[in-house]
Amino acid sequence: MTAVLTPPRPLALPTEVARPVVPRPRSELKRAACWFVPTAGLYLVIGALLAFRYESFNGDAQARLANAYYMLYSRDPHLAAVGFVWNPLPSFSMVPLLLLARVWPALSVRAFASNIMSALFMAGAVVQFRATLADCRVRRTTAFVLTVLFAIHPMIAYYGGNGMSEGLFLFTLASACRYLMQYLDNGETVPLVRAGVWLAFAYFTRYEAAAAIGFGAIAVVGVAFHRASGDTRTRARAAIGDATIFGLPPLFAFVSWAVASWVIVGHPFEQFSSDYGTTSQLSLMGNTNATLGFAIKMAVLMAPLAFPVALVALALALRRRDYRVLGPLAVFGGVLLFAVAAFADAKTAGWFRYFITAAPLALLLTGVCFAGSADAVATEEPWARAVQAGVAVGVAGAVGLASMAASASAMANRNIGREEHLHLARVIRGEQPSDRTDAGLFPDSLSMARYLDSLHLPHGSILADTFSGCVPFIVVESKHPKQFVITNDRDFKPILADPVGFHARYLLVPNPTGNGSLDAINRTYPDIFRTGAGIARQVKEFNTPGCHVFRLFAVLPQQS
Amino acid sequence: VSERDGSTSPLETPDAETLERWWAGATSDIQRALDSIGAEHLSWSVGLRRRLQRARRAVRRRMARPTVLKIDRRDEEAHLTEAVDGLATRAPTESSKVLVGRRTVQLAVAVVAAIGILIVLSPVNTIIGLIAIVTVIYALVIVERALLFARSLDPNALDLVSDEDARAFPDRDLPVFSVLVPAYREPEVIQHLIRALGALEYPADKLDIKLLLERDDEVTIEAASAVAVNVPIEVVLVPPAEPRTKPKALNYGLRLATGDVVTIYDAEDVPDPLQLRRAAVVFARNGPEVACIQSQLSFSNVDQNIITRWFTLEYAMWFSLFLPGLVAYNAPVPLGGTSNHFRRTALDEVGAWDAFNVTEDADLGIRLHRHRLRTRVVASVTLEEANSDFVNWVKQRSRWYKGYLQTWIVHMRRPVQLWRDLGTRGFVQFNLFVGGTPVLAALNPIFWTLTLLWFTDKPHFIRAIFPGPVFYVGLLCWSVGNFCQMYLWVIATRMTRRRELLLAALLSPLYWAMMSVGVAKALIQLVTTPSYWEKTTHGLYERAKVGRVPVLAGERS
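Chains as they are written, first to last, in the numbering used here: chain A, 1 to 560; chain B, 1 to 557.
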C-alpha cells in the first residue's frame, strides 16, 4: 500500500447528527411461517390421502407432472418437452421434486410431486392473503377469522391437496394482489414492479391471468392519473409510465411464451389451436349448460356474498378515498369475470374450479371493509372496541361460512361440481365405481408398463401419443422411459409419418372412442385400431381397468 | 492579519495589485525558508503557511480578474514530478504507469495458454465451458443491478441535505474548499464556468478556486485572463508534460491547494449553488472514515436528441440508483469524474490520482475503499453537457471503458490482496461493475450475432457449442436478461422522476449497441495507447439554452 503522507486528521466540524433508522420488519417472516407450516401440512395430508389411500388423481395434474417428467427422463430430454398446451410454470415447479423420483418413485408414479406442489403453493397463497390483511391494518381477530376461513374453504383445501395448478395460480394472484394494493396505497415503485412480475408468473401458470393483468392495468392508469399533480400532459405521462412498469413483465411473459411456442411447435397459441387443446376437447364434450345464467350461478355458489361485500367495500373506499379496494377487484374479480364471460360464451369447459377466485375475492374485500381497524383500537372505549370486534368477526364469519357452505353443496352436485363430485363422492361416501375409467382413479397401467419393459427394446422403439389416457402413466411407470417415442419428442411427427424408416418397432394405439379418437396415431392411420391399416400387425391387446382398450401393433417391414 | 473576518481586513487598499505582488513574494520566501530548514511537516509551519495563504486570498478577493499563480521553478519541477509519478513511485502496484508488467504478462500468458491447450484437447467442451462462464457472469450482472436498484431505496443509501439545513450550517464551522477545475483547450466554456462558480453559495474567504490550465494552452489562458470574477480564482499553469491527462493536472493542483476539502469540477459544469454546503453538512454528519462525497451529475441538454436522452437516463440511474446502492452495500464506489469532494488528508493518504489512468475517478474510488475510507453520495445535482454527437459520444465512452479496464487490471494484479481489502461481496461487486461492464459490452455483439444466426440459419456449429442445458440457460439469459435490462431502464424513469424519458428507456437496446462500438475502440486503444486521453468536445450545445445561470452583476466583456 502507499506510504502515508500525513496522519489522518478529522475535520474540525460539529459532532454527528443522528440519521433516522428504519427498522426492518422481522415479524413478517415469523407470521408467514406460522401460517405456512400448518396450512401446508393440512394440504399435504389431504394430498397424501387422495394419492395413496383413495388412489384419486386428477388428469390435468398428472399430465402436467408427466410433461415435467418427459423433460427430464424421456428419450429426448429438452426444455420444450414441457409442451405448449399448458402454461409451463406448474410443470417447471415440479422439476426439483421429480429429480428425486428415482429415489422415491411415488413422486412420479403416484403423481405425488404434483400434490406437494399444490400444497406448498396454496399455503403460500394463504400466507399472502394474511399478509395483505396485515398491510391493510385489519384487526388481528378479524384477519385471523378471514384467513382461517380462506384456508379451510373446501375448494381451497381440496385444490391445495389434489395437485392441480390452482394452488400456484392463487399464490401468484394473491401475491400480485397484495403488491398492487400496496402500490394503490402508497404509489411507490417497488410494489408496482412486484405486482407486474407476479402477474407475469400468474400468466406463466394460467391464461386467465390475462384478465387480471388487463383490469390491473386499468386500475393503475386510473389511480396514477388521478393521483398525479400538474397539467393533463404530466398526469397522462405518469399514468402511462406506471402502466408500462406494471404491464411490461406480463407482456414479456405473453410474448415470450407465444414466441417460444411459435418457434418450437409452429403456432403461438397452442392452447386454442392444438389438436389437444381446450377447443378440441370442448367440441368432444358438447357442453350444453353454457349460459350466462349458469355461469353466474357457479360464481355465486363459490361465494354467495361476494357481490354485496364488493358494493359495501366500494362505498366505504369511496368515503375513505382508499384506492386499495381496486386491487382484489381487478385481480381476483378480473379472473372471475373472465371465467363467467368465457363460459357464458361456451369458450371453456366451465369447471367449477374456474370460479375459485370468487372465494378470496369475497374474503379479501371483507377485510378491506375493515381496513385500518387495527389502528382505531386504542382510541375507543373498551365496550365500543368489543362491539366493533364482534361485528367484524360476525361479518367475516358470515361471508366465509356462506361461501364454504355454498361451495360444499356445489361440489356435491354432479351437475355443477362435476370434477369434484367425480373424485370426492367416492372418498366421502365410500362408493366403489364399477368402472375405473373416468372415475379419477389411478389406472392399473403398471402391468402394461411391465409387459413393455419385458420386451427389452432399444431406445425409441414404441411410438405412443401421450395425450391418450394411460400413456403418460405407462411412460412414468416404465423402468425404461427412453424406449418410447412420445408426442413431446422433437422427431415425433416424422417418426409417426414413417415408423419403419426410423426403426420404431411398435405402435401403442387406444380404442378410437371418446378422447381416443384424438390420438395422433388414430388420426394419422384412421383404420389402424381395427385393421392395422396395412402397416402393422396386432401383437397384444391390453384391457386394463382405468384405461382405454389399448392394442400394441408391431410395425411391418416396408414392402417395396 | 484578521483571519476570520475578511471585510475588516487591513489589506483593503486601492493599490491591491501591488500589495498582492509583495505578498506573493514574501510568502513564497517564507515558505522556501521553511522548506529549507526541513520544517514543512511541523504543525506550526503548516499553520503559518495556511495563515499566509488566507491572507493572500483576502487580498485577491478584491481583484477583478483571475490571478495567475506564480510558482518558483524549483517548486514547479517538484510538483510536476509528484503529479506524474507520485503514485507510481510510492505504490507501483497501484499505478497504471506500467499497465502490463511482467507479472501481468505471465498471468495473461498462463490463462491464454491454458485455454489454448484445452481448445486443442477438446475444442467443443472448452467453448461450452467458456460460454457457460460468460452466461453466469451475465446473470450475475443483471441480478447485481436489480439488487442495487432495490438497495438504493435504503434510507442510508443517499444523503439528503435540505436547503434549510445547508444554509443553517454556521459559516465559521465550514471547512475551506479547494475547488480544482482542470481545463484543456476549451476557451469557449470559461465565461460560463466563472458564472457557475460565482453562483456558489459559500463564504468567499473559505473558497480556494484553482483553474488548472496547461501552460501551452494559450487560447484558454487568454480566455481565462480576460473574464471578470467575483470569487477568488487562481489560474495554475501546469507545465506541459506527458501524460496529458486530467489526473496529472489534478495532482499538480492538489500540491497547491490549501483547503481541508478538495472539490473537482469540470469547466463546463453548473453545480447546484448549495452543493459545497451540502457536502460540508454530510462530512459533519459522518465520521472521519468518510473521505469522499460524490454529487449527482445530470445534463442540461436532455431534449437535444435521443442520445442525450439515453445519456441523461443512464446518468440518472448511475447517480441515483447504482452508486447509492453501492454505498448502502458498503461496496467500493467508482466515482464520477466531477463534483466529488474529498477530505484533503484522505487524498494524501492514498496517493491522490493515478496520472496514467484515464478514468482516474473510478480508480480513486476503489483505492479509497481499499484504504478503509468510505464514499457517500449526496443529493445535489451538477449539470453538465451531454454528448449529443455519435462520434464524440463513442470517443468519450471508449475512454471510460479503457479506464475501467485499466482500473480492473491494476487492482486485479494482486487478486488475493484485493479480496482481503474489499471483502467477498465488495470483490465480486468490483469485478462485476468495473470489469464486467466493459467486458460484457464487448461480448454483447458476439452473442447477438450468434442469436441472429441461430434464428435465421440454425448452423450446426451453434448447436454443437450450445448443448441442452447451456442452450436453455443461454436462451433464458438472452431473453430474460435483455428484458430485465430494458425493464430496469423503464423503472429508472419513475425512480429518478424522469418520466419524459420513457420512450428512450424502451429504446435503450439501441444504446447498448452504441456502447459496444465504444468498447471495441477502447480495447484497441488499451493495447495501442493506454494512457491517451480521448478529449471530449464541449460546447456543441448552444450555451444560451442552458439557462438558469445567474448573470454576474457588473460583468465586463
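For the record, the hints were derived by calculation from the structure and aren't laboratory data. Because the structure is a prediction, the values reported are computed rather than measured. You may find that some hints are simply not true.
Claimed, not checked - From the structure, some residues in chain A lie toward chain B, with a derived Cβ separation under 8 angstroms:
hint, residue
1, 104
2, 190
3, 237
4, 241
5, 244
What the hints assert, rightly or not - Derived SDA-like pairs: lysine to any residue, alpha-carbon spacing no greater than 20 angstroms straight-line:
hint, chain 1, residue 1, chain 2, residue 2
6, B, 458, A, 456
7, B, 458, A, 458
8, B, 70, B, 306
9, A, 347, A, 454
10, B, 458, A, 444
11, A, 479, A, 453
12, B, 458, A, 491
13, A, 482, A, 516
14, B, 70, B, 231
15, A, 347, A, 185
16, A, 482, A, 214
17, B, 521, B, 388
18, B, 206, B, 388
19, B, 395, B, 527
20, B, 521, B, 206
21, B, 458, A, 414
22, A, 540, A, 413
23, A, 479, A, 512
24, B, 458, A, 482
25, B, 521, B, 394
26, B, 458, A, 260
27, B, 458, A, 453
28, A, 482, A, 511
29, A, 540, A, 444
All C-beta atoms in this analysis are idealised placements derived from N, C-alpha and C, irrespective of residue type, glycine included.
Hints, one by one, checked against the model:
1. 104: violated (24 angstroms)
2. 190: holds (7 angstroms)
3. 237: Residue 237 of chain A check passes; min Cβ-Cβ to chain B is 5 angstroms, inside 8 angstroms.
4. 241: For residue 241 of chain A, the interface hint holds, since the closest Cβ of chain B sits about 5 angstroms away, which is under 8 angstroms.
5. 244: With a minimum Cβ separation of about 6 angstroms from chain B (threshold 8 angstroms), the hint on residue 244 of chain A holds.
6. B:458 with A:456: Violated: residue 458 of chain B and residue 456 of chain A sit about 36 angstroms apart, past 20 angstroms.
7. B:458 with A:458: violated (30 angstroms)
8. B:70 with B:306: violated (46 angstroms)
9. A:347 with A:454: Distance ~44 angstroms between residue 347 of chain A and residue 454 of chain A Cα, so the pair is violated.
10. B:458 with A:444: Answer violated: residue 458 of chain B to residue 444 of chain A is near 44 angstroms, above 20 angstroms.
11. A:479 with A:453: Holds, at about 7 angstroms.
12. B:458 with A:491: Since the Cα atoms of residue 458 of chain B and residue 491 of chain A sit roughly 17 angstroms apart, the hinted pair holds (cutoff 20 angstroms).
13. A:482 with A:516: violated (23 angstroms)
14. B:70 with B:231: Roughly 19 angstroms separates the two Cα atoms, so the pair holds.
15. A:347 with A:185: violated (36 angstroms)
16. A:482 with A:214: violated (43 angstroms)
17. B:521 with B:388: holds (18 angstroms)
18. B:206 with B:388: Given that 20 angstroms is the threshold and the Cα spacing comes to 36 angstroms, the pair is violated.
19. B:395 with B:527: Holds. Residue 395 of chain B to residue 527 of chain B sits at ~16 angstroms (cutoff 20 angstroms).
20. B:521 with B:206: Distance ~43 angstroms between residue 521 of chain B and residue 206 of chain B Cα, so the pair is violated.
21. B:458 with A:414: Given pair residue 458 of chain B, residue 414 of chain A is violated - Cα atoms ~52 angstroms apart, limit 20 angstroms.
22. A:540 with A:413: Violated, at about 40 angstroms.
23. A:479 with A:512: Between residue 479 of chain A and residue 512 of chain A the Cα gap is close to 27 angstroms, so the pair fails against 20 angstroms, i.e. violated.
24. B:458 with A:482: violated (26 angstroms)
25. B:521 with B:394: It holds: about 8 angstroms lies between the C-alpha atoms, which stays within 20 angstroms.
26. B:458 with A:260: holds (15 angstroms)
27. B:458 with A:453: violated (37 angstroms)
28. A:482 with A:511: violated (24 angstroms)
29. A:540 with A:444: holds (17 angstroms)
Hints 1, 6, 7, 8, 9, 10, 13, 15, 16, 18, 20, 21, 22, 23, 24, 27, 28 from the earlier list are contradicted by this structure; the remaining hints agree with it.
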